[in-house]
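S.K.: Could you put the whole structure together from the sequences, leaning on the hints where they help?
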Amino acid sequence: MTDTPHESYPRRDRDWHPPALSLPYKSSRLRSPNSRPLHFLTTLSEETGPVFGHDVLNPLDHDLIQNFAKPGEAAIGPRIIVHGKVQDEFARPVAGALIEIWQANAAGRYRHKREGYIAPLDPNFGGCGRVITDDRGAYEFQTVQPGPYPWPNGPNDWRPAHIHFSLFGSSFAQRLITQMYFEGDPLIWRCPIVGAIPSGEAVERLIAPLDMERTIPMDARAYRFDITLRGREQTLFENRSEGL
Amino acid sequence: MAQLKESPSQTAGPYVHIGCTPGHAGLGGSDLGASMKTGPVQGQEIAVCGTITDGADDPLTDALVEIWQADANGVYPGTTGADPNFTGWGRKPTDEVTGEFRFDTVKPGLVPYPDGRLQAPHVTVWIVARGINLGLHTRLYFADEQEANGTDPILSSIADESRRATLLALPDGPDRYRFDIRLQGADETVFFDM
Ligand SMILES: [Fe+2]
Numbered sequence: 002m003t004d005t006p007h008e009s010y011p012r013r014d015r016d017w018h019p020p021a022l023s024l025p026y027k028s029s030r031l032r033s034p035n036s037r038p039l040h041f042l043t044t045l046s047e048e049t050g051p052v053f054g055h056d057v058l059n060p061l062d063h064d065l066i067q068n069f070a071k072p073g074e075a076a077i078g079p080r081i082i083v084h085g086k087v088q089d090e091f092a093r094p095v096a097g098a099l100i101e102i103w104q105a106n107a108a109g110r111y112r113h114k115r116e117g118y119i120a121p122l123d124p125n126f127g128g129c130g131r132v133i134t135d136d137r138g139a140y141e142f143q144t145v146q147p148g149p150y151p152w153p154n155g156p157n158d159w160r161p162a163h164i165h166f167s168l169f170g171s172s173f174a175q176r177l178i179t180q181m182y183f184e185g186d187p188l189i190w191r192c193p194i195v196g197a198i199p200s201g202e203a204v205e206r207l208i209a210p211l212d213m214e215r216t217i218p219m220d221a222r223a224y225r226f227d228i229t230l231r232g233r234e235q236t237l238f239e240n241r242s243e244g245l
Numbered sequence: 008m009a010q011l012k013e014s015p016s017q018t019a020g021p022y023v024h025i026g027c028t029p030g031h032a033g034l035g036g037s038d039l040g041a042s043m044k045t046g047p048v049q050g051q052e053i054a055v056c057g058t059i060t061d062g063a064d065d066p067l068t069d070a071l072v073e074i075w076q077a078d079a080n081g082v083y084p085g086t087t088g089a090d091p092n093f094t095g096w097g098r099k100p101t102d103e104v105t106g107e108f109r110f111d112t113v114k115p116g117l118v119p120y121p122d123g124r125l126q127a128p129h130v131t132v133w134i135v136a137r138g139i140n141l142g143l144h145t146r147l148y149f150a151d152e153q154e155a156n157g158t159d160p161i162l163s164s165i166a167d168e169s170r171r172a173t174l175l176a177l178p179d180g181p182d183r184y185r186f187d188i189r190l191q192g193a194d195e196t197v198f199f200d201m
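Those protein sequences? They're chains A and B, same order as listed.
If you count the first sequence from 1, you need to add 1 to reach our numbering.
If you count the second sequence from 1, you need to add 7 to reach our numbering.
Derived by calculation from the structure, the hints in this document are not laboratory data.
Every residue, glycine too, gets a C-beta built ideally from N, C-alpha and C.
The reader is advised that the hints may include incorrect statements.
List of simulated lysine-lysine pairs, BS3-like, C-alpha gap at most 30 Å [stated by the list, open to error]:
{"no.": "1", "chain 1": "B", "residue 1": "12", "chain 2": "A", "residue 2": "27"}
{"no.": "2", "chain 1": "A", "residue 1": "114", "chain 2": "A", "residue 2": "27"}
{"no.": "3", "chain 1": "A", "residue 1": "71", "chain 2": "A", "residue 2": "114"}
{"no.": "4", "chain 1": "A", "residue 1": "86", "chain 2": "B", "residue 2": "12"}
Covered stretches of chain B (in silico footprint by chain A; criterion: 3 or more residues with CB under 8 Å from a CB of chain A, positions within the stretch not fixed) [what the hints assert, rightly or not]:
{"no.": "5", "stretch": "51–63"}
{"no.": "6", "stretch": "69–81"}
{"no.": "7", "stretch": "112–124"}
{"no.": "8", "stretch": "136–147"}
{"no.": "9", "stretch": "155–169"}
M.R.: And the structure:
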């Protein structure tokens, strides 16, 4: 048999991502598989995925300051713009990527029935949004800067201020959930969830720098957060069965 | 060779439903992936139910499950010839009390494998939750597709044959299947790195 040319996704670097089990992050102890995941080369099932058009977006999905606010009111907190580009590992822009975001309010409180932090809810802040990248892979939304919050893990653990990001590229193999942190936050390097990431170099990739160029004077500061998804490349698919 | 590193993953955390199923979380609006059918669909309509249990055998009541699959003819939605009324993609939170998830879908057909062989009917499954640092990929196969399963390139290449059964959804009444996922333990589900 001959080898078949095939566009597949190079394997994820599992030493770059946080491992399933990270003892200081207590929730991972009972939720991390003990066996290592079995490798196979991506097939059509992983190389395809749902496509989202702009019809899934509501008019204010990109504006968390307004999308839950009563008419004439607005969410409370430091106004910020978050923007950046989504590209793949080969530096190609990922157009049409659906980005879903969720976050705590400016006081560090989520609008969720299981949330127990004493900080107040903001009646004008829901904490979720959606955007789709343009032809150049660019995206932008506005929100209030979330507050840090305490969480039950160690005796005194605080999450650095962060925004959760869920990303759909063009295939299920690219599916990714991550978090964006803010430049200069001293809690980043004390957080067990961040600390699960093996290298400081990888952590830096999740820290958005202040972007004065995009700041709107007398209105909002800007943070830039670029995201890289897996990329596809031509490989030779060996026509033999391999044990996993 | 890749020029850039993928952005590192972080857990979806306990409040993933705010962002991914805001309707379910009480924030209003409809949830993406809540329905996999936009009209009458081709093939056998089925329900797939299950739980995800942790190392203490407790069901995860705060997880999010996504599935992606071909239509009844083995064609992926978005490609030529696909069933126009089937989206192929479903997303569900696990029940906040029982941990149960349920997808109303269709039984997928055979799907091509890159070397020309066929893959048995299967569903790609992706799980995120608090405590899961990188989304877990697995596959659901159907226990009543023994012949196709026997020649499936992925399933049949799992060296430890006893673990293959962890990927089988079991018939559970007419047009119903049960797929219980175990994150740890003797019958830990096979997860994939692909
Ligand atoms: Fe959070």
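S.K.: Can you confirm whether the C-alpha distance between residue 114/A and residue 27/A stays at or below 30 Å?
M.R.: holds (22 Å)
S.K.: At a Cβ distance under 8 Å, does chain A reach at least three residues of the stretch 112–124 of chain B?
M.R.: Per the Cβ count (6), the hint holds.
S.K.: Check the hint pairing residue 86/A with residue 12/B against an upper bound of 30 Å on the C-alpha distance.
M.R.: With Cα atoms ~15 Å apart, residue 86/A and residue 12/B stay inside 30 Å; holds.
S.K.: Taking 8 Å as the Cβ threshold, is the statement that the stretch 51–63 of chain B is covered by chain A upheld or broken by the three-residue rule?
M.R.: holds (count 3)
S.K.: Is the Cα-Cα distance between residue 12/B and residue 27/A 30 Å or less?
M.R.: Measuring from Cα to Cα gives roughly 27 Å; hence the hint holds.
S.K.: Under 8 Å between beta-carbons, do enough residues of the stretch 155–169 of chain B, three at least, approach chain A for the coverage claim to hold?
M.R.: It holds, with 6 qualifying residues against the three required.
S.K.: Given the hint that residue 71/A pairs with residue 114/A, test it: the Cα-Cα distance must not exceed 30 Å.
M.R.: holds (21 Å)
S.K.: Verify the coverage statement for the stretch 69–81 of chain B against chain A, using a C-beta to C-beta distance below 8 Å and requiring 3 or more qualifying residues.
M.R.: holds (count 5)
S.K.: Please check whether the stretch 136–147 of chain B has three or more residues whose CB lies within less than 8 Å of a CB on chain A.
M.R.: Since 10 is at least three, the answer is holds.
In terms of the numbered hints stated before, the structure departs from none.
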